[in-house]
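S.K.: Line by line, the protein sequences give chains A and B.
This note's numbering puts the first residue of the first sequence at 441, with every later residue one more than the last.
This note's numbering puts the first residue of the second sequence at 89, with every later residue one more than the last.
Don't read these hints as lab results, they were simulated from the structure.
Just so you know, even glycine gets a beta-carbon here, dropped at the ideal spot from N, CA and C.
One or more of the hints may lead you astray.
Beta-carbon label-pair distances, calculated as ranges [as the list claims (entries may be wrong)]: (1) B:509 - A:572: 50 to 56 Å; (2) A:674 - B:894: 57 to 63 Å; (3) B:509 - A:733: 21 to 27 Å.
So, partial list: chain A residues that the calculated Cβ filter (under 7 Å) puts toward chain B [claimed, not checked]: (4) 457; (5) 468; (6) 572; (7) 597; (8) 598; (9) 602; (10) 661; (11) 665; (12) 667; (13) 668.
The primary structure of each chain is shown beneath.
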Amino acid sequence: MGVIHVFPDWRENPYLNMLYLGARAEGWQVDGSIDLPGLLPGLAGLRGGDVFHLHWTSPVCDAQATARDARAALDAFRGAVDAALREGVRLVWTIHNLVAHDSRYPDLEVELAEFLADRATAVIQLNPCTVAAAREFYLVPTHKVRTLRHASYLGIYPPAPSRQDARESFDLAPTRRTVGFVGRIRPYKGIETLLAAVGLAAREVDGLTLLLAGRTDPAHKAELDKLMPAGVPVVSRHSFVPDADLGRWFSACDVMAFPYQRILNSGSLLLSATYGKPCILPAEPHLVGALEGEDWVTFFSPGARAAESLAEAIVAALGRPTSRPGRSARRFAGEYTAYDMAWDYVRLLEELPGLEGR
Amino acid sequence: MASNPLLSVVIPAYNVEAWLGDCLWSVLRQSLADLEVLVVDDRSPDRSRAVAELHRAGDHRVRVLQHRSNRGPAAARNTGLRVARGRYVTFVDGDDLVAESAFERLVGSLERTGSDFATSPIEDFGGRHRRRYWTNRGPEFRTRHERVSLLEAPGLVLDHSPVNKVFRRDFLLEFDLVWPEGTRHEDVWQATHAYARARAVDVVPEVGYFYRRRTGSETASLGTARMLADWASVTTEAMRVLREAGLEAARSVFARKALVDELLWRLPALTAAAASVPGTAALVRDLVASAPPRALAGQTAETRWAVALLALGREDLLTLVGGRQSSHPEPDLSGLDDDLPAELVTTLGLGDLTLKQAFRSRILGSPGPDLRETGHAAPTVSVVIPTHDVEEYLDETLRSIRASSYRALEILVVDDSSTDDAWDIIQRHSAEDPRLRAFRSPGRGGAQARNFAIEVATGEYLAFADGDDLVPPRAYVALVTAAERTGADITAGRYLHFHATQTWDPVDRYGYGIRLDGIEPADHTRLLGNRSSWDKLFRRDFWAAHRISFASVPRGNDILPLGVAFTSRPRLTVIPDVVYVYRTRPGAGSMTSRMKAGNDESIASWATQESVYARLIQLTAEPALTEEYWTRALPAHLRYNLRPYLAGRAEAAPEHDRVPTELASLLDAAPDGWLQRQEPALQGVLALLRRHELAPAAKLAAELWEGRRVVLAEALDVVEAVARTGLVDSEALSRLAWGMIVRRLLGAGERATLTDAQRAIEVSRALASDHHAVPATVPAGQEDLVSHALRKGSAEDVLGLLVPTAPITGAVFRSGWGSARLSGPAIPGAIRYLRVLAVRRLDGERVRLPLGRIVPAADGSGWTATLQTVAVPPGTWDLTVEYEDGFGLRRRQLRCRVVRLPAGLSRLARVSPASGGVTQSIVVRPSLWARVRRVPDRFSGGA
């Protein structure tokens, strides 16, 4: 077997570890780099039959200090990829974001995406709507597209404590109604909408409490503080939540709300399923397409009246018993696990042009 | 002319300016004073010569010789030997230290016995730990020997260092035992010749020499092509000399060391060289033939292949072993089937393949005779899966096994009293797949569940899986194919450890990288380190014939069955395929997690299993297995199990705690001298456990395994408790005592009380031998000062070193071009003025350059030092004044900057208080000019 060079190889991300489990077991040597200076020699070391698997594009251009540096980085990246392709290396690109969130050089990001779409041996989308949604920015040839779902985190993260224990740890009464958000707190996640919605929902739900946990940029934090709904109790943690503690946050919530803007795939949603928590999402076509009919998912309408719609969804979700949707969420998580994803990825590799049957 | 000295000390000096001062200090302060010191400056580009000259000026016993050009340490030693006048001669490296009474002990022994030379152990220092140098770790160095030779003590053949010996000079001259020049391995050459020629040798067991381990020193790099050729040539010569002297036992010891350590250390370099190193092939064949049987038993398959290729002179193929495999174009494999020593052929586990065929299929990965098959007529594999509360994972496990591309499976799932939904999951799968049979376990525990499944199993093979792990789809195909082809009783594959953010492959530990067919465990002992059942396929009739079963114990129920299986001389095949994915379960549910929490019953259970396992190994009477188990496998198991058991213990072992008893039973099976070979702290932990002394054992274990330091009073308690066990020998006790007491005194600082200091003295006097205080002969650091004070035996002195002291005030400093002058009024309490050094950290090393001696004024009113500052490297230095008072050695410092001037001169400038704080400083009186200009900073001064 050959080598898979992963970029960026963000080791703290369980997704990557889960994805490559099967490939490792089948004898692939998986290594990687996290920035351009590490990537270029990594690419140069690949040989025919090896795979360069690119995930997030931001370390290529967006990490550069100036537009000129970003252009130079893009050129260097393209040169190195083309050289590797001439050696017979296969390029696999997973589209995690249509373009890097909050990109500093959006034009270059699009140019990079176009380059990848053109050169890739295969382009992986995590849900069937991604490539269609990307048409706004760039075109991916249909014959290259493969869909490989994001697995749940079943068996990956530690089990959650009981709801009662989790609540006690936060000093929350068992009867208190709670809505939660766990994940990186950034502008595109629509946190502002959530805060406004909680403010509105609190008018109808007595004692509604918001649980908010995740790493927050200091610059964004001050802005966030101003938007906190008046009179609504908030339990918050603005730093990374360790794996061992994730379950406690989910367990203490009645319902999770992930009011994403412009996001394709979220680990938070799958965590929510893993911990058996109902969840509220924007009615983006790709999310509706993937999750319609799941009774643990409620949709709200994004757009001008997003906060009102989300507030209604929160009130509705809290008004329903949570045990059945909770079981459904667990069932959903069990349907596609790390094992499934890891060996689906192996099959995907084995079917790549030039690597068939390896 | 003065009469000849008793001893000549030859010190080659090359780029040792930073350490030569300390080295000379340790030599000149020897209790044996009747000596001459010959410093041979090997045209050192640094200040080594200046340092030597400085000592020559102050001590008539020092002579300085100089080479016209740099010729290497061998030539420098030979130069010294030529001019030496002593009846005895010894050799010291310029960056090392000699223990205070070392020469007295060695020379005294020779005077008494008339032997040709005397040797004593070396200790490393400068790294994180002080430890015995590898050439002197053998049992020969544990007790005194007089008039022995390699015939009686063959292990001495490894003692090839030139620096730990005192020779009769006429012995060296009689046999022309000089160091060969032009090689980097002159020591091995000279020492082997010396041992082969010696009529009698004395061994003095006290450590006499301290070898400074430093990065970038000559011994740190082994890898150039020239050095490899050098090594091959010197090793070949040593083997020849030993053969001609008829020293076969010593030759075997030497060959083993050269093969297993020295050759293997050089494998990366040989691989990188990728070209034939002259003489290597013949040498490797000779080493393999001369080393004891199974010398390679502990090596991985990759290593064995590398040795085989070297023996065939095919270094060019080494890069393909264990590296990136590529079969295009196929390299020239001619000559691979040439005659290879039988010992090597056996060790490669070739099965029915020729070497060339095996190289193709196993190293190049080309499709060869290792065909995979999946027919319906295939033998059945009974997969045994015990389950207990694994609902989170079980569905994945069962799906992974059912999806196996090997279809002839009988999946036996035995549920052991699950309280969750595991049984429902099992039944669902049973309904979907007729190959899966679900059982409720008739007993309790995983072992009974497994044993029950084995009883009802009907397959030709047995495989095991746990309910929370995964089996890759092709695992059973690979295992069964290999087992059928080779007739193996046990076929083992690789496995992965899988955790949320990490997947890792422990292959290196066990050597599963390359396929091995039909081998015996005693030939591949490293495989014994892996005692799990789930990465192996067992022939069921082998299992039954040896009545193997799992023991009903809370922990380690794989240990015994694997012990029985491995020691029943099975035919064993190893494949490099990953056949199992072990999940390191998140949270606290798994058995391993319970272990980590230190559950006493679990640990006791482990110790019981381990004890039986040790005896099973003993019964095989296979030295290779015994060595593997006690040197490699067991220490790792001890750490893994005892660490959680001892964590945070503050009380004695309760009556019902079986761990100490079980552990004692295990240690009773240890081979002679095993305990003494362990590091002192581990000896202490085990001794305390044997005596049920958990609280001190926990403290010592925390130091050993967690790096946590206990306070002084606790350290003293621990050391005394270890002593009370009566189970640790005096050397280990002494090392432990010195390390803990001195470091803890320093840690306590001003908080140390008179009682502490008195106890420290008492304990160190009772337990620590003097020679473990060294390098206290050299004032190299605060640690050594405290050692000195402890040995002196005055509690006040010890405390005096730990309390802040007053600065030297009123000093005068004048700096010129290439020299400087520092003077001051008499220092209160000073008994003796010593020297001035420039001290700083340079490239991670503490560099100490002697600059000049301190001369007290005749009327006692003050002191003056003239400092030679030529070629002191530029930068910031602490000028350090050393003197002695009633408490021992003292230091005061003055910070200065060295500016490099043309023509190699240096000038000291910009003086300020040193970093140690005001109490450790020298306060310089401002110059007249400065006072006139009213410079406000009273610490400024200088030229």
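S.K.: May I ask which of the numbered hints given earlier this structure violates, with the numbers listed in increasing order?
M.R.: 1, 5, 6, 9, 10, 11, 12, 13
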